[in-house]
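Quick one: dock chain against chain with the hints and give me the complex.
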Amino acid sequence: MKTNYLFPNRFKIYGWIILIPSLIMGVLSLVFEIEPTALEFEMPALFVDEFMGKNKLAGTVTNNILNEIIGVLIILSSIFVAFSKEKEEDEYILKIRLESLVWAVYVNYGILLLALSFIYDFSFLYVKIFNMFTILIFFIIRFYWQLNKLKNES
Amino acid sequence: MKNTIKIERARHNLTQAQLAEKVKVSRQTINAMELGKYVPSTVLALRLACIFEIEVTELFSLESTDW
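These protein sequence lines are chains A and B, in that order.
Position one of the first sequence corresponds to residue 1 (my numbering), numbered consecutively onward.
Position one of the second sequence corresponds to residue 155 (my numbering), numbered consecutively onward.
The set of hints was computed from the structure by calculation and includes no laboratory data.
What you are looking at is a predicted structure, and each value in this text was computed from that prediction instead of being measured.
Don't be surprised by glycine CBs; every beta carbon is placed ideally from N, CA and C.
Hints may be right or wrong, so weigh each one.
Unchecked claim - Rough simulated footprint, nothing fancy, chain A against chain B, three-plus residues with beta-carbon under 8 Å:
#1 170-184
#2 205-215
Stated by the list, open to error - Cut-off 25 Å, straight-line C-alpha distance, at most; resulting in silico cross-link-like pairs (SDA-like, lysine to any residue):
#3 K85/A x S218/B
#4 K191/B x F130/A
#5 K178/B x L147/A
#6 K191/B x F138/A
#7 K176/B x G190/B
#8 K151/A x T169/B
#9 K149/A x A203/B
#10 K95/A x S218/B
#11 K178/B x T3/A
#12 K151/A x K191/B
#13 K151/A x M155/B
#14 K176/B x E91/A
#15 K149/A x K178/B
#16 K178/B x E153/A
#17 K95/A x N167/B
#18 K178/B x F138/A
#19 K191/B x W145/A
#20 K2/A x V210/B
#21 K156/B x D90/A
#22 K95/A x M155/B
#23 K151/A x A174/B
#24 K95/A x I205/B
#25 K191/B x Y144/A
#26 K85/A x V197/B
#27 K2/A x R201/B
#28 K149/A x T169/B
#29 K12/A x K151/A
#30 K178/B x N152/A
#31 K151/A x Q170/B
#32 K12/A x F130/A
#33 K95/A x H166/B
#34 K2/A x V197/B
#35 K191/B x A171/B
#36 K160/B x K12/A
#37 K149/A x V210/B
#38 K95/A x T196/B
Extracted from the complex, chain B is given alone in its bound form (with noise of 0.2 Å):
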């Protein structure tokens, strides 16, 4: 799954530690999920696109690994 967090982040001047705060995880959390290491919940999804006031399916994509 691929993901624009970091691209999103850019875009409302966050650093990863200030977003890991407004969403409740570690920075390491918010790392990971830049990477691509680890695709998050659905509520820590909703969450994130909440604080980017944008729709989960602009944050996140499916590849077609996925199927």
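If we strip away everything but chain A, and leave its shape as in the complex, we get (with noise of 0.2 Å):
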């Protein structure tokens, strides 16, 4: 079947590669707060809300960039993964593709309507952080279990 909105079939590999290094650098940072100096730098943004200071449009800050360049990386590759074409796409597994994008929207939300209704203040920055890959996540996991379902069903 055509579809021209999936990646080619060998970029799931590379998602693979890049993605699991990924998520554990990216666990392992915020957990032990890695913040090496050689990653500082003066970046441009769009918005600037300075400490005890004024507003601004546009500007620079000073920011250790790690957190931003293992964000990147989880969602690109999280994006290969869930997004490039299997083997053989038939309209089956378009249909299993949907539903999981569906049901991982639904998980995605009702724990984000659980954490806003229970969890407050600095916390929720947490929920924040992990919600910006969870939906991705989640549709690789249950994606990949109805796949595997499928193949040891026949």
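Below, the structure written as structure tokens:
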């Protein structure tokens, strides 16, 4: 079946190769608060919110870019893993793909609603950090679980 | 929706994999259709009928739960 919104099959392996180390690095950098000084840069920013200072619309901020790098890598690689064609991407696989996407959105927002209601202040920041990636991660888990079930059934 | 894919496949002496190759889907999709877990698109239904050289209505039929 012709689909022009999916990446070629080979992108999936590139995705996994980047995703797994990025996820490990992401968790480690969050837990141990790793901020190597070599990655501290003056970065252009669309909105500058200075502590005890004025807010500006555009400017620069000094920032450690490790978490930005990890974040970009996780998002891009999980998009590759999630949205690369299977070797035989037919209409049944597309149906499983759609169902998994809907399921991932429901689970993601279900958890977010609970977190929004019961988690406050600084802890909620962690919820938002994880929430940047969870919709894709939930999709990947559900989609590959369903594919695996399909392969084992027949 | 009921179908006679398995019967037609046996009549034409085809394995699931051979039929899958002819209609350009995966073997799992043929299996899912035979088990009634998946209702194919019109294009796939027409392709199957074309391979078996019968009418689509001979291959697929509605059940009361389809209404």
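>> What's the verdict on K95/A and M155/B, does the C-alpha distance respect the 25 Å limit or exceed it?
In response: holds (17 Å)
> Are the Cα positions of K151/A and A174/B separated by 25 Å at most?
Replying inline: With Cα atoms ~14 Å apart, K151/A and A174/B stay inside 25 Å; holds.
> Does the structure keep K178/B and L147/A at a Cα separation of 25 Å or less?
Replying inline: holds (18 Å)
> Are the Cα atoms of K149/A and K178/B separated by 25 Å or less?
Replying inline: Distance ~21 Å between K149/A and K178/B Cα, so the pair holds.
> Are the Cα atoms of K191/B and Y144/A separated by 25 Å or less?
Replying inline: holds (18 Å)
> K176/B and G190/B: Cα distance at most 25 Å?
Replying inline: holds (20 Å)
>> What's the verdict on K95/A and S218/B, does the C-alpha distance respect the 25 Å limit or exceed it?
In response: holds (24 Å)
> Within a Cα-Cα threshold of 25 Å, do K151/A and M155/B meet the stated pairing?
Replying inline: holds (23 Å)
>> Please check whether the region 205-215 of chain B has three or more residues whose CB lies within less than 8 Å of a CB on chain A.
In response: With 0 residues closer than 8 Å to chain A, the region 205-215 of chain B misses the three-residue bar; violated.
>> With the threshold set at 25 Å, check whether the alpha-carbon distance from K95/A to I205/B stays at or below it.
In response: Holds - the C-alpha atoms of I205/B and K95/A are around 24 Å apart, at most 25 Å.
> Between K149/A and T169/B, is the straight-line Cα distance small enough, at 25 Å or below?
Replying inline: The hint holds at about 21 Å.
>> Checking one constraint from the list: CA of K178/B to CA of T3/A, max 25 Å. Satisfied?
In response: holds (14 Å)
In this structure, the hints that do not hold are numbers 2, 3, 4, 9, 17, 18, 33, 36, 37, in rising order.
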